[in-house]
Each structure stands twice: as structure tokens, then as C-alpha cells.
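Asks: Sequence:
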Amino acid sequence: MLEDDISLEALTPKEAPAAEAAGAVDGEGAPPGGPGAQAAAMRVNEKYSTLPAEDRSVHIINICAIEDIGYLPSEGTLLNSLSVDPDAECKYGLYFRDGKRKVDYVLVYHHKRASGGRTLARRAQHGDAGPAARSARQDQPLPGKAGPLGAGEPEPPLDYHEDDKRFRREEYEGNLVEAGLELERDEDTKIHGVGFVKIHAPWNVLCREAEFLKLKMPTKKLYHISETRGLLKKINSVLQKITDPIQPKVAEHRPQTTKRLSYPFSREKQHLFDLSDKDSFFDSKTRSTIVYEILKRTTCTKAKYSMGQGEGRKKDSALLNKRRKCDRYGITSLLANGVYSAAYPLHDGDYEGDNVEFNDRKLLYEEWACYGVFYKYQPIDLVRKYFGEKIGLYFAWLGVYTQMLIPASVVGIIVFLYGWATVDDNIPSMEMCDQRHNITMCPLCDRTCSYWKMSSACATARASHLFDNPATVFFSIFMALWAATFMEHWKRKQMRLNYRWDLTGFEEEEDHPRAEYEARVLEKSLRKESKNKEKRRHLPEEPTNKWRQRVKTAMAGVKLTDKVKLTWRDRFPAYFTNLVSIIFMIAVTFAIVLGVIIYRISTAAALAMNSSPSVRSNIRVTVTATAVIINLVVIILLDEVYGCIARWLTKIEVPKTEKSFEERLIFKAFLLKFVNSYTPIFYVAFFKGRFVGRPGDYVYIFRSFRMEECAPGGCLMELCIQLSIIMLGKQLIQNNLFEIGIPKMKKFIRYLRLKHQSPSDHDEHAKKKQRYEVDYTLEPFAGLTPEYMEMIIQFGFVTLFVASFPLAPLFALLNNIIEIRLDAKKFVTELRRPVAVRAKDIGIWYNILRGVGKLAVIINAFVISFTSDFIPRLVYLYMYSENGTMHGFVNHTLSSFNVSDFQNGTAPNDPLDLGYEVQICRYKDYREPPWSEHKYDISKDFWAVLAARLAFVIVFQNLVMFMSDFVDWVIPDIPKDISQQIHKEKVLMVELFMREEQGKQQLLDTWMEKDRKKAEPCNNHSPAPAAPPPPPPPDGPDFPGGSL
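The numbers in the sequence shown follow this note's numbering, run straight up by one, and end at 1117.
The reader is advised that the hints may include incorrect statements.
Claimed, not checked - Subject to a maximum C-alpha distance of 27 angstroms in a straight line, what follows is the list of computed DSSO-like cross-link-like pairs (lysine-lysine):
{"no.": "1", "residue 1": "K463", "residue 2": "K566"}
{"no.": "2", "residue 1": "K449", "residue 2": "K898"}
{"no.": "3", "residue 1": "K1059", "residue 2": "K1049"}
{"no.": "4", "residue 1": "K913", "residue 2": "K332"}
{"no.": "5", "residue 1": "K1059", "residue 2": "K294"}
{"no.": "6", "residue 1": "K1073", "residue 2": "K1087"}
To be verified - Pair by pair, the computed Cβ-Cβ distance ranges are:
{"no.": "7", "residue 1": "T699", "residue 2": "K175", "range": "56 to 62 angstroms"}
{"no.": "8", "residue 1": "I479", "residue 2": "A698", "range": "29 to 35 angstroms"}
{"no.": "9", "residue 1": "N605", "residue 2": "T730", "range": "25 to 31 angstroms"}
{"no.": "10", "residue 1": "I479", "residue 2": "L710", "range": "32 to 38 angstroms"}
{"no.": "11", "residue 1": "E607", "residue 2": "V653", "range": "33 to 39 angstroms"}
{"no.": "12", "residue 1": "L710", "residue 2": "V653", "range": "18 to 24 angstroms"}
{"no.": "13", "residue 1": "I308", "residue 2": "N964", "range": "55 to 61 angstroms"}
Note that these hints are calculated values from the structure, not bench results. Glycine residues also receive a C-beta, built at the ideal position from the N, C-alpha and C atoms.
All chains should be modelled from the sequences, with the hints used to inform the complete structure.
Replies: If you want it as C-alpha cells, here you go:
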């Protein structure tokens, strides 16, 4: 039988005799068996072909019609190619070649075929290389079966690995057929060496799996959603009119007054659901989810035994054969072992073009994924409908976060403008810029640096006031409360989405064990079994009992992997490797920061030797800017490295489920990237200028490099520069280079590769590609971890050091407006359609957000206390000021040093650089003067300022924490109207089932009454008239249908 023909082994045992009776034909002959068989063959041709009979170049097998042999869709028969040009019927790959069954999932594999193989020979034989090109397919035999090749066609040589993969694919696909799925293979594709298996889930399989998964589906029952009344209703109507221009033109986004009651699907209660249109009852998202669940749990036992190499696979073959059905090697294992190269659901169609049929993907592209609609709300319900709840929750969270950045940005701009407006009235900066004060400062480095005037730092002092003013304290408190409000607002939004998406009663069940975990468990069980064998060898043999031996053999087939689990002892090497690696990576980050510090010190000393006055006057700005750029490049590179290391460290731990794997990966990646992103900022905020020593007794690194100092105006301005450059640069480079440039470059490389593989007819093939071929060229979906991680790091920039950079929320807002559309375009146009995953929250990310929000309160308290001059100014104003003003504050913060006390070799080489001889220079610190009895010791002013700083940290932290908890307590997690609607749904569901039970009882009573009336004439044998039956009780609310 030719490979083009329908394999009889695809049929059920009842169908096979009928098909064999029909007979088969070769490639050229007419169907034997008389006119009846020819008519049956014609019916098959007319049903599955799209070309006229005279134009067909591939003959169809002569069997009875599908209806005649009793074909049932639920049997899951694997149908091969039956149509010459299926594009018109199958909508370019969205349906099977019969044009009726929708493709719910696609498996992709690589195969080897000779360049002059059977496909070209078949085309040459029929003389049609044009329209019939797609129909000349290399259809494989059924899964688990070895169909014979046609006469005179030798089997192409296959190496061991390819043959092993093919064998595993056949077994796996056979198991899928047994599970009820319907498959169709396509190997003659436009992509060289790539084959596709299209999967369709029939109605009975969808119903069965929907019941297993407890999917909530809408019932026939409609109820009205409670609307607000009075003033709130008027306010909502006004807001709807105002926001109408920025609402997406999507039906799912319109406010709804009615909602269908949802209930977990049950085959016994199908009458509750609206099944008038079965094709649309389960949408494409739900269908692909159901198929993916079947793919995950369908086993391929041969895959387990093919993991070994050479003769090693033959060891313990008897024991392995006993356990063929003991493990769960689903699609994840087959993908990891290269049996299949990809598995994905299809997009609904093209998203752009004049003749493109309207679909959800095109609607999402027009109303969501275009930069031209950046000002509109997101169609979250449509996103959820197309991509699933997990991705819908991500974009909903991103939208809420972006909306909440608007008030934070407005307040930040007001704080910045306040600093700009009051800069000329700031007395400390005016004193620093006043040339008449003539304050001579000590050198910033040894030998090469000379004395300098404080007035030269005038620009830095004035710029520092933009961010270091009393309004920043208010802004820090505001942002702490903003973070708490944002978290509460998101919880309420999440509950609304759960209600709208019918996830209120959803509980995540334990996921399937990962393939790697099962492999480790199997390896452990085999080691344990081999040890037991060795022990039994040394024990004296007992008399054999056949029945006992059979029981032991049967028990060996019990799921041993359920008994054997990985303990902490098994994972201890991985845990130790994790600990050592994470410590090493953190040490590498610290070492890089130390290297940048040495660069700053050495560069400052080199620039100080420059003869140009302009260069020497801008040393601090030049060194800071270049060092921050170096930090930025290192952070971006290490982010990618740490992401790969975190994934590797998580893999060697061998977590049991995908959820556990994801949570562990997120924790490690966040820890490493948090340290990588914020270590340079922490250094500037809390360590720079703290451990420098004093003139004549400086602290040195490696006995050569003197620790750098802060500017006279403090380190806050430098912290602002560091934060802004890293935040903006990270966002711009990651968004433009990594999220736009790299995917486009990969797409271009794939285009060149495909063009190189088939340069002659590439343009023709590109026009006729099927949907599954086009989707295969897209990037695979890698999860939401990179998207969340980028936003969480940004959330840290916005909240952790907001006291030093009030414009951070504004830049985050501008970035997120672009980020939403960028991610949307990536999901719609650049990525394969991900499998929809049900989720009722954002998982571990919520806990990370809460942790960052709490940490932000502490860090901002220390930034205000120790990095800015806010506390020293308050101490001076209320303790040391003579006239109650800030006059004299700069002089109060400076200590004096006698230049004769310099250590040997550290004094300036040119002491007369300022034009006069310097006897006393000043430096920023609270120390005793050189004429004091305890010269250069820490003064009492230092301890007074330190006490005030610590007191402020304690008061600020506890006050803000209390206010945040108060906000958390005041705002309920579940909106009142949503809780009322959930309660209403429960009541309506109880009423619905009570009516159903009452209807059943009424019907039962009616039948019993009829049976009783029929039985009365048969029992009436006496001549006396029978007494009339008692009248039935009247119908009423207490007696529905006349029954109690």
C-alpha cells in the first residue's frame, strides 16, 4: 500500500474488515471492486478534494466512504493528505485538509529526506509541479506501526538517532490517537526538513477534558449586574463620557449590565449550558489548553529507554520493561530530547493585509499593539480571551502600575519645580557661590592636586538644591504611601478581573512533575533496585514459588517513582553549588564596583594634572559621568549572564513542578539582578565619603589610592546622576536593543537561512505558506519572567531612591507607555502563540513588590538622614544658628587643617597654584581645629548630628510603616460590589439547581401517576365499582407539580 493512501491500521478493529474488503489501488490504476467501489472512491474524492476530477494528480485510496465504514470522530483516526490543493478549504493551515476540523495544536519535528526522493519522483510521474505541489506529501505510517513502502521504493537510509526519534514519535502519536485526538501529518512543507503534525480535539474530548480541568463555562442563565445608584452613578456616567475617546473599540471592553452564570462544565449537566453553537462554545484558547494538558500527560515510554547510549540501554531491560507505564514522559520530555523541535497553538490568522479575514489577532493589533493607540486603555478582556489569564493579568498589572505612576509623576514634577523656584533663595548654596567668602579647600588627591576655592563648586551646589530640599522629605513619605496604595489598588483590580473571568473559586492544582524530575527519580529507583539485586545475590537462595514470583513481578510494575522521591540529601550538592555560586556572583559584582572606584580615583588624579583650567574645573562631573556609563554597560552585560546562571542553578536543583521551578528561578534571578543593578547606587548613597579619613591621615586602597570624597554640597547630586543614567540607559538600551533589535535580527537571520535553503522558489513559497509554517518561523514564547523582572527593577528605581531623584516616576511613566505597546506588538506579531495558563494572581511577584515597598521606606529614611544635608541643616537651625537663619551653615560644616601637618609625600607639588601661600585649608567634617587641645578629633557636633540622624530614621520608618499599614487596613481587598455579585451568583446557582431538582421530582411524580392509573383497570376485578382516586393536591408554591 502506498504511503499516499490511508493506512488500514489507522482504523478501529471493527472498521478494518470493511476497509480491507474495499480494496486499494496503486498510483495509476482504477479502483477494482465494481461500480459500487468506484462510486465510494468518487464520494471520498468529492468530499476531500478541492479540484475538478480531471485536474487531480493524486489518486485517492479506494475504500468505502467514511460514513459507510462507521468512522466516528471520537475514535481519533489519523488521516493523511487527501486533497491536492487544500489552501482554499483549510484556510491556509487553520483547519485540517477537509476544511471542517480546526487545528488546535501543532507538533513540529525535523526529518531527513533525500533531495531526489519520492516527492519529486511522484511529481514527475504526475507531471504537475504547480497546484498539486502541496498534495504530493510524504505521509508516514500510523504511530506505532510500520507501514510498508511502495514497490520499487527503497527506504531512505536513516541513522540510529533519527530512527530512534521516529520510533518515539510514532508511539507518542499513537497514544494521542488512543486519547481521542485526531492527527494529520504534513511533511512536504515549504521549510526544508521540517514536518508538522496537526492536532484536532473533537467535541467529546473537549467535554471530557473540560470536566477534568473543572473549567467554568457560561450557562444559559442570565442575570443583571447590580449598578451603582445616586451620585456614584452620575459620576460614573460622566467619567464614561469623558473617557470614551480613549476606550478601545472592542466589544469585550464595553461595560456590561448582564452576565451569564458560570459553572464548572459537566457532561451530565450539558443541558445547563448554551450548546447551540458547539464550534464556538470552546474558544481557541480553551481548546489549545485542553490539548496541551493531554500532551503533557500522554506518555511515551520508549523515550525513557532511548536516553541511554549504545549497549547501556540494554542493561536491566527486564526491569525497565516492567516499568514501561510507570512514568510521565510527555511533550516536555520529547521537546527536551529533540524528538519534537517545537509545539505550539496557532494564531488566529494574519494581523495585517487588505484581504485578511477579520480575527481576534488583527483586532488586537489594531486596538492594542500599535503605537498610534498609546493613549487608549488596554482591551484586557480581549487579551485574556486570546492569550489566557496569566498573560492577561501581567498586562492588567502593567496597566495599573502605569496609571498609578501618573499622580506620582505629577507630585515629582511639583517637587522638582519647587527646588528650581527656590534655588536662588537657598542660603547655603548662595554662601558657597559667594566669592567674598574666599574659602580655601584642601586638595582632593595627593601631590598632583592643589588647593581650590569652594566657589568653583557653585554649579554643583545649586544643582543639588533641585533634589535636596525640604520637599523631598514630603515626597519620600508620599511615595511610601503611594506604594501601599498601589498594592491595595492592584488587589482590588485583581478581584474584579477574577470575577469577570470566572476565577473566583479557582484553585491551582498540583502540576505534572517535570521531565527532569521524573528522570532523576527513575535513576534513583534504578540505583536502589540494583543495590537490592546485589544484596540478594549474596543471600542464600530460597525455594522458588511461582505464584510469589508472579506477585513480585506484578508489584514491580507499580509506580515506583511515586514511592521514591528526591530528598534534601539528593539535592545537597545542588544546594551547595547554588550557595557558592550566588556568593561568588555577588563577590564579582562587588569587585567590579571596586574596580570602578579605582578608575574614578585614578582618573581624577590624572585629570588634575591637566594644564587646562576648564578640564580641572569639571573633574568631578567628568569622572562621575564616565564611571556611571561604565557601570551601566557592566550592569546590562551581567544581567544577561546572571539570568543564564540563575536558570542553570535552578535546573541542577531539579524542582518537581513547573511552578516550583519558576518560583526558584525568579528568586535567584531577582537576587542577582537586584545586587547587580543597585550596588553602584548603594555605594554612592551610603559609603562614598564616609571612610576617607582626614587630611594628614587619609584611608588608602592597596596603599596607593586614596578614598574619594563627596562634594561640599554632599553626595546627593552625584547619586541623582548615577540613578538617572543607569535607570534611563537601562530602559532605553534594553527596550531598543534587546526587545526590538535582537528579535528583528533573529528574524532576518531566519529569513536568510530559509532563503539559502531554497533560493529558487523561496518567493513563491513565502506567498503560500500555511499558518503553522508561518508561526514556526516566529520566536518561541520564553515566559513572563523577563517582562516582570524588568518592571520590578524599575519599581525599585522609582521607590528605593526616590528622595534623590523625584523625576524617576516621570521617566518610568514615559517608558511604560512605550513598554506596553512594545510588549503587545511582540506578543501579537513576533512570538508564537503561547499556551493559555489559568491564574488568579501574579504569584510570587506580588510578594517581591511588597518586599521592595517595605525596603523603600528604610532606604529613603537613610538617604534623607545620611546622604542629604537635611538633618545637619535642621540641627544647625535649631541648635547653633545665632539669628535663626541658615547663615553660617557652610562654615559650620567645615573643619580646619594646618598644611604643616601633611604626611611626607602627600602635600601639593604646587602650593602656590592659587597665587598665595596657604596656611589653613578646610575640609568637610565635624572635627576639632588644629589649635585645639585634641586637634583633629571628632567634635561634639558630629555626635549631635548623628543622634539626630538616627532619631529621624526611627521616627520616619515607624511613621511611614504605620501609615502604610493603615492604608492597607482601610482599603478592603475585595470591592463591596464584587463581594455582593459573588454572593448573588452563589444564590442564583442554588436556585437553579433547586428548580432542576423540583422539575425532576415533578416529572417523576407525573410518570408514577400515569403508571398508577394504568394499573387500576387491571386490578379492578370485582363487580362493585371502585372508589374514585383521591384528587391530587393543588399546585402551589409549597406543592410544585402536586408533590410534597
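Asks: The structure should be examined with respect to each hint, and the outcome stated for every one.
Replies: These are the hints, each one checked on the structure:
In summary, the hint linking K463 to K566 is supported, as the alpha carbons are separated by about 15 angstroms, within the 27 angstroms threshold. Between K449 and K898 the alpha-carbon distance is near 15 angstroms, which keeps this suggested pair within the 27 angstroms criterion. Distance hint between K1059 and K1049 is fulfilled; the C-alpha atoms sit about 16 angstroms from each other, no more than 27 angstroms. A distance of roughly 19 angstroms separates the Cα atoms of K913 and K332; the hinted pair therefore holds under the 27 angstroms criterion.
At roughly 13 angstroms between alpha-carbon atoms, K1059 and K294 fall within 27 angstroms of each other, so this suggested pair holds. At most 27 angstroms may separate the alpha-carbon atoms for a hinted pair to count; K1073 and K1087 meet this at roughly 21 angstroms. A hinted range of 56 to 62 angstroms holds for the C-beta pair T699 and K175, which are about 59 angstroms apart. For the hinted restraint 29 to 35 angstroms between I479 and A698, the CB-CB distance of approximately 31 angstroms keeps it satisfied.
Under the hint 25 to 31 angstroms, the C-beta atoms of N605 and T730, about 29 angstroms apart, fit the expected range. The supplied range of 32 to 38 angstroms is met by I479 and L710, whose beta-carbon atoms lie about 33 angstroms from each other. Evaluation of the 33 to 39 angstroms hint for E607 and V653 yields a pass: the beta carbon distance comes to about 34 angstroms. Distance hint for L710 and V653: a CB-CB separation of about 22 angstroms, consistent with the stated range 18 to 24 angstroms.
Hint check: I308 to N964, Cβ distance near 57 angstroms, so the stated range 55 to 61 angstroms holds.
Of the hints listed earlier, there is not a single one the structure fails to meet.
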